[in-house]
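J.: Here is what each chain is made of, one letter per residue.
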Amino acid sequence: DQQVKQNSPSLSVQEGRISILNCDYTNSMFDYFLWYKKYPAEGPTFLISISSIKDKNEDGRFTVFLNKSAKHLSLHIVPSQPGDSAVYFCAASSGAINKLSFGAGTTVTVRA
Amino acid sequence: GAVVSQHPSRVICKSGTSVKIECRSLDFQATTMFWYRQFPKQSLMLMATSNEGSKATYEQGVEKDKFLINHASLTLSTLTVTSAHPEDSSFYICSATATPNTEAFFGQGTRLTVV
Numbered sequence: 001d002q003q004v005k006q007n008s009p010s011l012s013v014q015e016g017r018i019s020i021l022n023c024d025y026t027n028s029m030f031d032y033f034l035w036y037k038k039y040p041a042e043g044p045t046f047l048i049s050i051s052s053i054k055d056k057n058e059d060g061r062f063t064v065f066l067n068k069s070a071k072h073l074s075l076h077i078v079p080s081q082p083g084d085s086a087v088y089f090c091a092a093s094s095g096a097i098n099k100l101s102f103g104a105g106t107t108v109t110v111r112a
Numbered sequence: 001g002a003v004v005s006q007h008p009s010r011v012i013c014k015s016g017t018s019v020k021i022e023c024r025s026l027d028f029q030a031t032t033m034f035w036y037r038q039f040p041k042q043s044l045m046l047m048a049t050s051n052e053g054s055k056a057t058y059e060q061g062v063e064k065d066k067f068l069i070n071h072a073s074l075t076l077s078t079l080t081v082t083s084a085h086p087e088d089s090s091f092y093i094c095s096a097t098a099t100p101n102t103e104a105f106f107g108q109g110t111r112l113t114v115v
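Quick note, the sequences are listed as chains A and B, same order.
Letter by letter, the first sequence follows residues 1 to 112 of the working numbering.
Letter by letter, the second sequence follows residues 1 to 115 of the working numbering.
Bound conformation, chain A alone:
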């Protein structure tokens, strides 16, 4: 039973433009959401997170938006850079911050 879904397996965007990654969840008990970035042959690395008490969190080029009523969150990367090309995972937790439910990932390719 997949509680976190990333319906777009891939995204291609031109350098300098905005990348928007989407994530939907079904478990209303989730109260903490994270985005991870993964390069080939490496483990996922933490990118940005948001608590359910907020609807937006910004860190440099990365902004995460949370819409609790729609059970939807998104990650915006602007401007996109070639080094952003990676797989991005959406994750969520309920209570225990590190016990995570993951989406299947979205592969982002930034074209020069």
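Derived by calculation from the structure, the hints in this document are not laboratory data.
Keep in mind that this is a model prediction, so the values were computed, not measured.
Treat the hints with care, since some could be wrong.
[Claimed, not checked] Listed next, the in silico SDA-like pairs over lysine to any residue satisfying Cα-Cα at most 20 Å (straight line): (1) A:K99 - B:I12; (2) B:K55 - A:A96; (3) B:K41 - A:V87; (4) A:K56 - A:Q6.
Given the coordinates of chain A, work out where chain B should sit on it, guided by the hints.
T.: Below, chain B without anything else, positioned relative to chain A:
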């Protein structure tokens, strides 16, 4: 960030044999480690949570006798896939955290192929 090392990165084994995967926190003491599995085109799925010095807690549907987890020290957890079968072929990845509510760091993962 902190470093978590997983070994081996790839392993091929014969059906019926056992395989051990190690997860080490190199520069911090990991009180809790998590083991995940990912099948192709699917999410990382949590298999079990292991706390140093105690028995692992397995997620529903994960056979504890098949996936043996040991967390005997604050820097090492091992996952042993016993009597492996081709359907156990998957990507296994661990994460480690110093305290329950701090960021977890992931290992590089292990690609297991059972032939």
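J.: Against each hint, give a clear statement of whether it holds in the structure.
T.: Each hint, compared with the structure:
With a C-alpha separation of about 29 Å, the suggested pairing of A:K99 with B:I12 is violated against the 20 Å cut-off. At roughly 18 Å between alpha-carbon atoms, B:K55 and A:A96 fall within 20 Å of each other, so this suggested pair holds. For a cut-off of 20 Å, the pair hint linking B:K41 to A:V87 stands: about 12 Å separates their Cα positions. Taking the CA atoms of A:K56 and A:Q6, the gap is near 19 Å; set against the 20 Å cutoff, the hint holds.
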